[in-house]
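Participant: Here is what each chain is made of, one letter per residue.
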Amino acid sequence: MRLINRHPDRSSRLLLVLLPFALLLFAYFVGSAERLAENPNDKLLPGAGQMLEAVKRLAFTADTRTGEYVLWQDSASSLRRLAIGLGISALAGLCLGIAAGTLPLFGAPLSPLLTVLSMVPPLAILPILFIVFGLGELSKVMLIVIGVTPCLARDLEQRAREIPVELLVKAQTLGASTWTLMLRVVLPQLLPRLLISLRLMLGSAWLFLIAAEAIASTDGLGYRIFLVRRYLAMDVILPYVVWITLLAWLMDWGLKALTRRAFPWYEGARA
Amino acid sequence: MSFISVNNVWQRYGDQVVLEGLNLHVAEGEFCTLVGTSGCGKSTFLRLLLGQETASKGEILLDGQPLAAEPDASRGVVFQRYSVFPHLTVLDNVALGLELPHSRLLGRLFGKAKKDAREQASVLLQKVGLGHALDKYPAQLSGGMQQRLAIAQALIMKPRVLLLDEPFGALDPGIRKDMHQLLLALWRETRLTVFMVTHDLSEGFSLGTRLLVFDKVRVDPHAPGAYGARITYDIPLNSERRKAIAAELGATSK
Numbered sequence: 001m002r003l004i005n006r007h008p009d010r011s012s013r014l015l016l017v018l019l020p021f022a023l024l025l026f027a028y029f030v031g032s033a034e035r036l037a038e039n040p041n042d043k044l045l046p047g048a049g050q051m052l053e054a055v056k057r058l059a060f061t062a063d064t065r066t067g068e069y070v071l072w073q074d075s076a077s078s079l080r081r082l083a084i085g086l087g088i089s090a091l092a093g094l095c096l097g098i099a100a101g102t103l104p105l106f107g108a109p110l111s112p113l114l115t116v117l118s119m120v121p122p123l124a125i126l127p128i129l130f131i132v133f134g135l136g137e138l139s140k141v142m143l144i145v146i147g148v149t150p151c152l153a154r155d156l157e158q159r160a161r162e163i164p165v166e167l168l169v170k171a172q173t174l175g176a177s178t179w180t181l182m183l184r185v186v187l188p189q190l191l192p193r194l195l196i197s198l199r200l201m202l203g204s205a206w207l208f209l210i211a212a213e214a215i216a217s218t219d220g221l222g223y224r225i226f227l228v229r230r231y232l233a234m235d236v237i238l239p240y241v242v243w244i245t246l247l248a249w250l251m252d253w254g255l256k257a258l259t260r261r262a263f264p265w266y267e268g269a270r271a
Numbered sequence: 001m002s003f004i005s006v007n008n009v010w011q012r013y014g015d016q017v018v019l020e021g022l023n024l025h026v027a028e029g030e031f032c033t034l035v036g037t038s039g040c041g042k043s044t045f046l047r048l049l050l051g052q053e054t055a056s057k058g059e060i061l062l063d064g065q066p067l068a069a070e071p072d073a074s075r076g077v078v079f080q081r082y083s084v085f086p087h088l089t090v091l092d093n094v095a096l097g098l099e100l101p102h103s104r105l106l107g108r109l110f111g112k113a114k115k116d117a118r119e120q121a122s123v124l125l126q127k128v129g130l131g132h133a134l135d136k137y138p139a140q141l142s143g144g145m146q147q148r149l150a151i152a153q154a155l156i157m158k159p160r161v162l163l164l165d166e167p168f169g170a171l172d173p174g175i176r177k178d179m180h181q182l183l184l185a186l187w188r189e190t191r192l193t194v195f196m197v198t199h200d201l202s203e204g205f206s207l208g209t210r211l212l213v214f215d216k217v218r219v220d221p222h223a224p225g226a227y228g229a230r231i232t233y234d235i236p237l238n239s240e241r242r243k244a245i246a247a248e249l250g251a252t253s254k
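The listed protein sequences derive, respectively, from chains A and B.
For the first sequence, counting from 1, position 263 maps to 263 in full-length UniProt numbering; every step adds exactly one.
For the second sequence, counting from 1, position 108 maps to 108 in full-length UniProt numbering; every step adds exactly one.
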C-alpha cells in the first residue's frame with residue numbers, strides 16, 4: 001500500500017505521539033548520564049535528581065529572605081503581565097479590526113497603518129518603551145500590547161472582510177443600523193476567530209514577555225532564567241523552560257476548548 | 001399609478017454597459033420572474049431594486065418616491081447563498097428582524113419583549129415548515145431548509161417588496177417543487193410584490209404573473225461591453241392568479 005494511504009489506528013497513533021517526546025528525553029538523559037559519570041559536578045546537563053532538587057527548592061521551600069515560594073511568585077507575576085497584555089491586545093485588536101474591516105471610511109486610513117505598524121519589530125522599540133513608560137510593569141505590558149495588537153487587528157480585519165456581503169445587506173433589510181450590524185452580526189462572527197488568532201499569537205506574547213523580564217524586572221519566569229544563567233544553573237533553567245512550555249500549551253488548549261464550548265456553530269459554519 | 005416605476009435606468013461599470021434604457025411599471029402584488037442568459041443584468045437590476053447599487057442614470061420610484069439608496073426594511077431579500085446568519089439559531093435568525101429595529105442601542109431585546117419576538121418568529125417558522133428545528137444552527141440544516149429560513153427571515157419584516165436572487169438555484173428538483181408551493185402560498189397570503197431572478201425558465205413561467213426577459217438587443221463583437229441588456233419580452237402569465245390578486249387588492253383599497 002502506498003504510504004499516503006496508510007493511517008495510524010488509535011493505539012499506534014498514541015504511540016506515534018509519544019515517540020518523539022520519549023526519544024528527546026532519552027537522548028537528553030543518556031547525554032546527561034555520560035557527562036555526570038565523567039564529572040559528578042557537571043552543570044551543563046543536570047540529571048533528573050538535580051532538577052527535582054532545584055524544583056523542590058524553588059517551588060516548595062519558602063525563600064529564606066522573602067518568605068515566598070519563588071516559582072509560584074514568578075509564575076503569578078508573568079501570567080498577570082501576559083493576561084493584562086493579551087486582554088488589552090484582544091480588545092484593541094477587535095475594535096480596530098472590526099472598524100477597518102467593516103467600515104470602508106475607517107479601513108482606508110487604518111488598514112495601511114496597521115500593516116506598517118505590524119512590521120515594526122517590537123523588540124527594537126523596547127528601549128523606547130523603557131524610556132517612556134519606565135522600568136515598571138507598564139513597559140512590559142506595553143511591549144506585549146504593541147507586539148500583538150497590530151497582528152490581531154490585521155487578522156480580524158481580514159476575517160471581517162470575508163463575511164459575505166450578502167449577510168451585511170440582509171442585516172440592513174432587517175432594520176440594522178451600522179452600529180447594531182457590527183454588534184449583532186460582525187462581532188459575534190469574529191469572536192471565535194479572535195480566540196484562534198490569540199492562540200496563534202501566544203508564542204509571540206511569551207517571547208515579548210520573557211524579553212522584557214530578562215532586561216528589566218525583579219521577578220517573573222523570564223527574570224529568573226536570566227538571573228540564574230550567571231551561575232550556569234541549568235538545573236533551574238530547564239525546569240523553568242518546561243514549566244513555561246506547559247503553561248503556554250495549557251493556555252492554547254484552554255482557548256481551543258473555549259472556542260468549541262462558546263461557539264458551537266463555528267466548526268459547522270466553516271465546512 | 002403603478003407601485004414601482006423604472007424610468008430609463010442605465011447601469012454601467014466603467015466602460016461596460018450592463019443595463020440600458022430600462023423602463024418598467026409594476027403594479028402592487030405582482031409576481032415578476034426575471035430570466036435571461038448569464039451576465040445579462042438580471043441580478044444587477046435586482047441589486048438596483050434592493051438599493052445595494054445606485055443606477056448610473058434614470059430613476060426607480062417606489063410608490064411615487066425615489067427608492068432609498070441603501071437597503072432597508074421596506075425590501076426583503078433572499079440570496080442563493082449566505083442569506084442566513086451562521087452564528088444564530090433558526091429562531092434567533094428570524095427574531096433578529098424584530099429585535100434590530102426596536103433596539104437602536106444594543107440591537108437586542110430583553111425579558112417580555114424578547115419572549116414576544118421569539119413567539120412571533122416561531123409562529124412564522126411553523127408556517128414555513130421549520131417548527132421542528134427552532135434551536136438548530138443553519139449549518140445543521142439542509143439547503144432547502146436554509147432557504148425556508150431565509151424566506152421566513154425576510155417575511156418577518158413585512159416588507160412591501162420581496163427580492164429573490166436565484167433562491168432555489170442550488171436545490172434539487174424535488175425540494176424545489178416544495179419551495180415553489182411554499183412561496184406561492186406565502187405570496188397569496190401576504191400580497192407581496194415579488195421579483196425573482198431565475199435560471200430555470202419553467203420555474204419562471206409557472207411561478208410568475210409576469211415574465212421579464214433580459215437580453216442584449218445590440219451586440220458589437222469588437223466591444224462586448226458597449227451595449228447593455230434591455231427587457232426584450234414582458235409576458236403576462238397565469239391570468240386567473242393575476243385576476244384574483246387584482247380583485248383582492250381592489251377590494252381592500254376600496
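Simulated from the structure, these hints should not be mistaken for laboratory data.
Any given hint could turn out to be false.
Just the calculated beta-carbon pair ranges, DEER-fashion [claimed, not checked]: (1) H199/B to P20/A: 48 to 56 Å; (2) K177/B to A248/A: 52 to 60 Å; (3) L16/A to S206/B: 26 to 34 Å; (4) P264/A to S239/B: 48 to 56 Å; (5) F110/B to A248/A: 36 to 44 Å; (6) V217/B to T178/A: 19 to 27 Å.
Glycine residues also receive a C-beta, built at the ideal position from the N, C-alpha and C atoms.
Participant: None of the hints should be skipped; say for each whether it holds.
Facilitator: Here's how the hints hold up against the structure:
Hint check: H199/B to P20/A, Cβ distance near 54 Å, so the stated range 48 to 56 Å holds. About 56 Å separates the C-beta atoms of K177/B and A248/A, a value consistent with the hinted range of 52 to 60 Å. Taken as a hint, the range 26 to 34 Å is violated for the pair L16/A and S206/B, whose Cβ atoms sit roughly 59 Å apart. Taking 48 to 56 Å as the suggested C-beta distance range, the pair P264/A and S239/B conforms, at roughly 50 Å.
Checked against the given bound of 36 to 44 Å, the beta carbons of F110/B and A248/A, roughly 39 Å apart, stay inside it. Between V217/B and T178/A the Cβ separation comes to about 41 Å, which falls outside the hinted range of 19 to 27 Å.
Of the numbered hints given earlier, the model fails hints 3, 6; all others are met.
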